[in-house]
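Just so you know, the protein sequences line up as chains A and B, in that order. Read in order, the letters of the first sequence correspond to residues 1 to 161 in our numbering. Read in order, the letters of the second sequence correspond to residues 1 to 209 in our numbering.
What the hints contain is simulated information worked out from the structure, not anything from laboratory work. Nothing here was measured: the structure is a model prediction, and the numbers come from that model. Ideal Cβ positions, reconstructed from N, Cα and C, are used throughout, including at glycine.
Which residues of chain A face chain B? A few of them, derived with a C-beta cut under 7 Å, are:
| id | residue |
| --- | --- |
| 1 | Leu24 |
| 2 | Met48 |
| 3 | Tyr136 |
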Amino acid sequence: MNNSIKVGMADASVCKPPDVITTLGLGSCVGIVLYDPVRKIAGLVHIMLPDSTKINNNSNKYKFADTGIEALIQDMVSIGAITRNLVAKIAGGAQMFSFSNNLEMMRIGDRNVEATKDKLKRLGIRLLAEDTGSNYGRTIEFSPETGLLHIKSVGKELKIL
Amino acid sequence: MSELDLDRIDNMQYDVLREIGNIGAGNATTALSQMINSKISMNVPKVELLEFKELSEFVGGAEKIVVGILFTLGGDIDGMMMFMMDKIASTNLVNILLGNLQQQEISDDTEFSEMGLSALNEIGNIISGAYLSSLSSLTNLSITTSIPYMAIDMAGAILSVPAIEFGKIGDKALLIETEFGDMDKYVNGFFILIPTLKSYLSILKSLGL
Chain A
1 MNNSIKVGMA DASVCKPPDV ITTLGLGSCV GIVLYDPVRK IAGLVHIMLP
51 DSTKINNNSN KYKFADTGIE ALIQDMVSIG AITRNLVAKI AGGAQMFSFS
101 NNLEMMRIGD RNVEATKDKL KRLGIRLLAE DTGSNYGRTI EFSPETGLLH
151 IKSVGKELKI L
Chain B
1 MSELDLDRID NMQYDVLREI GNIGAGNATT ALSQMINSKI SMNVPKVELL
51 EFKELSEFVG GAEKIVVGIL FTLGGDIDGM MMFMMDKIAS TNLVNILLGN
101 LQQQEISDDT EFSEMGLSAL NEIGNIISGA YLSSLSSLTN LSITTSIPYM
151 AIDMAGAILS VPAIEFGKIG DKALLIETEF GDMDKYVNGF FILIPTLKSY
201 LSILKSLGL
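This is chain A alone, in the form it adopts within the complex (with noise of 0.2 Å):
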């Protein structure tokens, strides 16, 4: 039997075999899995905001990109992962809603990744994979025994990456 590990927004949680781990509806934030192919140990991490040293509110590490990751490595590290095994795919950042101008705050999405994609380069891990931008919701699940991340949209075929 196996389990669905399910993260919530500003959450983060670390899931082995032959458990998945899942996160519904992802929309301008971003899911960022971690995965260590040879322990076959894996963490999820949907972070909302790219930067916590913008943010005076910023207890809450799972809630940006740089300190999102940074926790979810150590997270993994504690129950057996290796960091210089992990690799990472990521999905989201999608702007949903067509604003005609381009403020600052609605292009969170793309900032989101940006900052991703910034703190995974800095820290060494390849990023294998990504589905991200546009303008619709997903949801991610994850399967550290394959190493599959399938994505799942309203009225889309289901990707897998």
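Once you have looked at the hints, place chain B on chain A.
Here is chain B on its own, set in the frame of chain A:
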């Protein structure tokens, strides 16, 4: 008062914000009732300060298909406001408004016609206008809104937009839910008002807090 932290909001501030929601939603429901020319009953609005991870459960699940209509606010208040209904409720509402009386099976897969989409935008416009004008007269602040922006998608994805704005202020979102009904055809919705932190202060200050 110079500090406001949604995580440690005091009772007085909470009551004031709830009352704003109450009055706003009441006016919006009246406007809706006039629009479809039928009596609509409204329950007492629920006001909740929710953690982000609880947010989508509160509106019926992250994967529920909903219609979200969003406005950006200007004038004395910056921020945004969103009106959200589930897809079936909004289809019911559009049918009532356009006089489509034939009983068709309504499901999440039902597509809106162009006319239907336009009607939804107008519903959003009128409802939000009523909500904001009551807020405006209550606080004596001038509030302007953008045109409506609409998206039909999973609740979690649509809610991420206001949630992110709340995320800049704290770790909780303030959600005001009003359920209204027209006999057996249920139409219910949520209002979410998301002023920026500075605008929260303006609102509370305008009310003498």
